[in-house]
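Working from the sequences, and respecting the hints, build out all of it.
2 protein chains.
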Amino acid sequence: MDKRIQLSHGAGGTKMESLLKEVVIPSVATDVNVDVGLDAMDDASVVNNIVFTTDSYTVKPIFFPGGDIGRLAVSGTINDVSVLGANPIAISCALIIEEGFEIDSLKKILKSIHETCAEAGTPIITGDTKVVEKGGVDEIIVNTSGIGVESPYLEHNSNVVNEYDKRKIKWLLDSNLREGDVIIVSGTIGDHGVAVISKREGYGFDSTVKSDVAPLNGMIEESLKVGGVCSVKDPTRGGLSNALWEMCEKSNVCINIREEDIPVREGVKSACEMLGISPYEIGNEGKLVMGVVGEMAEDVVSAIRKTKYGKDATIIGEVSQSDDYAGVVMETEIGGRRILPRPIGDPVPRIC
Amino acid sequence: MDKRIQLSHGAGGTKMESLLKEVVIPSVATDVNVDVGLDAMDDASVVNNIVFTTDSYTVKPIFFPGGDIGRLAVSGTINDVSVLGANPIAISCALIIEEGFEIDSLKKILKSIHETCAEAGTPIITGDTKVVEKGGVDEIIVNTSGIGVESPYLEHNSNVVNEYDKRKIKWLLDSNLREGDVIIVSGTIGDHGVAVISKREGYGFDSTVKSDVAPLNGMIEESLKVGGVCSVKDPTRGGLSNALWEMCEKSNVCINIREEDIPVREGVKSACEMLGISPYEIGNEGKLVMGVVGEMAEDVVSAIRKTKYGKDATIIGEVSQSDDYAGVVMETEIGGRRILPRPIGDPVPRIC
Numbered sequence: 118m119d120k121r122i123q124l125s126h127g128a129g130g131t132k133m134e135s136l137l138k139e140v141v142i143p144s145v146a147t148d149v150n151v152d153v154g155l156d157a158m159d160d161a162s163v164v165n166n167i168v169f170t171t172d173s174y175t176v177k178p179i180f181f182p183g184g185d186i187g188r189l190a191v192s193g194t195i196n197d198v199s200v201l202g203a204n205p206i207a208i209s210c211a212l213i214i215e216e217g218f219e220i221d222s223l224k225k226i227l228k229s230i231h232e233t234c235a236e237a238g239t240p241i242i243t244g245d246t247k248v249v250e251k252g253g254v255d256e257i258i259v260n261t262s263g264i265g266v267e268s269p270y271l272e273h274n275s276n277v278v279n280e281y282d283k284r285k286i287k288w289l290l291d292s293n294l295r296e297g298d299v300i301i302v303s304g305t306i307g308d309h310g311v312a313v314i315s316k317r318e319g320y321g322f323d324s325t326v327k328s329d330v331a332p333l334n335g336m337i338e339e340s341l342k343v344g345g346v347c348s349v350k351d352p353t354r355g356g357l358s359n360a361l362w363e364m365c366e367k368s369n370v371c372i373n374i375r376e377e378d379i380p381v382r383e384g385v386k387s388a389c390e391m392l393g394i395s396p397y398e399i400g401n402e403g404k405l406v407m408g409v410v411g412e413m414a415e416d417v418v419s420a421i422r423k424t425k426y427g428k429d430a431t432i433i434g435e436v437s438q439s440d441d442y443a444g445v446v447m448e449t450e451i452g453g454r455r456i457l458p459r460p461i462g463d464p465v466p467r468i469c
Numbered sequence: 118m119d120k121r122i123q124l125s126h127g128a129g130g131t132k133m134e135s136l137l138k139e140v141v142i143p144s145v146a147t148d149v150n151v152d153v154g155l156d157a158m159d160d161a162s163v164v165n166n167i168v169f170t171t172d173s174y175t176v177k178p179i180f181f182p183g184g185d186i187g188r189l190a191v192s193g194t195i196n197d198v199s200v201l202g203a204n205p206i207a208i209s210c211a212l213i214i215e216e217g218f219e220i221d222s223l224k225k226i227l228k229s230i231h232e233t234c235a236e237a238g239t240p241i242i243t244g245d246t247k248v249v250e251k252g253g254v255d256e257i258i259v260n261t262s263g264i265g266v267e268s269p270y271l272e273h274n275s276n277v278v279n280e281y282d283k284r285k286i287k288w289l290l291d292s293n294l295r296e297g298d299v300i301i302v303s304g305t306i307g308d309h310g311v312a313v314i315s316k317r318e319g320y321g322f323d324s325t326v327k328s329d330v331a332p333l334n335g336m337i338e339e340s341l342k343v344g345g346v347c348s349v350k351d352p353t354r355g356g357l358s359n360a361l362w363e364m365c366e367k368s369n370v371c372i373n374i375r376e377e378d379i380p381v382r383e384g385v386k387s388a389c390e391m392l393g394i395s396p397y398e399i400g401n402e403g404k405l406v407m408g409v410v411g412e413m414a415e416d417v418v419s420a421i422r423k424t425k426y427g428k429d430a431t432i433i434g435e436v437s438q439s440d441d442y443a444g445v446v447m448e449t450e451i452g453g454r455r456i457l458p459r460p461i462g463d464p465v466p467r468i469c
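Chains as they are written, first to last, in the working numbering: chain A, 118 to 469; chain B, 118 to 469.
Worth flagging that the hints you see were computed from the coordinates, not collected in a lab. Take these hints with a grain of salt, some might be off.
Here are some, though not all, of the chain B residues that point toward chain A, as calculated from beta-carbon distances under 8 Å [claimed, not checked]:
(1) S209
(2) E216
(3) G244
(4) K247
Computed list of lysine-lysine pairs in DSS-like fashion (alpha-carbon distance at most 27 Å, straight line) [stated by the list, open to error]:
(5) B:K225 to A:K120
(6) B:K316 to A:K120
(7) B:K251 to A:K132
(8) A:K225 to A:K177
(9) A:K177 to B:K177
(10) B:K138 to A:K225
(11) A:K138 to B:K228
(12) B:K428 to B:K342
(13) B:K285 to B:K367
Glycine is no exception: its CB is placed at the ideal position from the N, C-alpha and C atoms.
Laid out in structure tokens, this is it:
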């Protein structure tokens, strides 16, 4: 283990996983009776049937094409609660503000927070405001935590899963995948990462790509109404690749995806080529990756396509059994097959 | 309103109250059906019978006499949930770490978090870890949010209150005080603030005062078992004075306290004299201020004195009716009566 924290320790890849698994979680985990705990390393945890999650947002710049730190914070927390199969009922908002920050900028961020909450139908009910001297933080950091209760459609969803393959699931955990499940993404990949990087000092390339940042609780609810959804994840830090790797390792399966089916905007492709990074390894903030029982996959895709943020939803692959190797295999556009690399970290820090 | 954020906007006094009331809360509050919402500006909120709170900790130095940022974060959130009359069932832990931070220091903080959680009997079930480049934060910031459910003794407590004065209360809100209630503090005042300041660069005075930082859920439970407790608050930013002012304004009553009965350590008194600040305006992290129906006050004090952190608990005053002026009046040690000044902010920033 290193002696000092490095940027890559926070970037959502294997390096971060080792910090969490070797230092953080063993230090604080306790042997308590929770339904889904810290050791699951999922997007949220569950205790007393209450889904609970937290995230701090340190994005730079704080205003970026398609959104800002406020919309990002609310959407991110709404999504982390919702991907387990819960209705987000309340979120908290903790601001840490640098002395000298413009109150007009604060008002803009708060307006964005308010509008995103209204869109999701989830209120902020508790908060905290700290001010630190110049240099104590970089402009503003927002932490949002969220609580949720079981979606009214979660039981129907579980029944549909059970009907097809006798699998009993409740919460839509990363570890729920099984052979025969179909992998869906809800739209284009890499938009948020590219949108943020394009406005950052020192990169300075022009791009028309906007962040996809959005609350997805409505999309998840529509999917649950159809039923057959086993596992849902929002591919944020570390991108699509990291999300798929987490799902396959926790479920102990292989995931086989087809590169030609992964929707990626031209602007994202060209920006990634220019930067020498993979669009599959940069963060998304308004997309879902789902594992769905094969028989229901087309119906779930149709339902997602009818939602505001799901027009480009599509099937990108299938789950097969892992004999002794759990991994993500990609059939490339030129016809070969290769292991999809697991990112060490999101290639650019502070995109969320 | 100012154009830029100032340190005093985060210091827990009238200046902070104006930022919250004029900018933050009107921007994000929604007209939703919650039991205790953002507008109550209490220590925690309540929705679906779930008590929910959040706090970020930016204390400097991160290790101080009697505690560290980890113990502070866990205790602060446990206390904010508990003062409403709830059992804290889970907390979240979101770390924002500066690149280059020593992993050994991180481990020390995590150990402290773990030990404080174990003491309180409340697990961390969800978390987040972000790393920012040098200067993005000052060493480390910790955010903890907490959820709680109604204490098993809350109904008994309400029944005792109702028995004496027909008042119907449930959650122990700031606004519950009524004429005849007795004001209790659970111990010496000002310890945390002085302990933190004494170790800060530039102040450099010696002090044997240790922070009082501690989880108080056990103390609150013992008080509820006795019954008759109407309102509980932990006097953190802005100290005892700010806590009393918030209670009296929200309850629309007068609070009359006797200076000679307020327990203050000699070391705190002398440090405050040297710094030219009031011990009643600096933060505490292991103390409670309570309003209790008069007939039960002695019994509640006795119960608190039997708990680990309540040996110096004592009655410091009473509540009288407000005719047209709600305020805090202090009978001074030399026999006069004066309005206890309401702090503009905690006189020293970043003590929590």
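The hints, checked one at a time:
no., hint, result
1, S209, "4 Å, holds"
2, E216, "5 Å, holds"
3, G244, "7 Å, holds"
4, K247, "5 Å, holds"
5, B:K225 to A:K120, "13 Å, holds"
6, B:K316 to A:K120, "26 Å, holds"
7, B:K251 to A:K132, "19 Å, holds"
8, A:K225 to A:K177, "16 Å, holds"
9, A:K177 to B:K177, "24 Å, holds"
10, B:K138 to A:K225, "16 Å, holds"
11, A:K138 to B:K228, "15 Å, holds"
12, B:K428 to B:K342, "18 Å, holds"
13, B:K285 to B:K367, "17 Å, holds"
Checked against the numbered hints above, the structure violates none of them.
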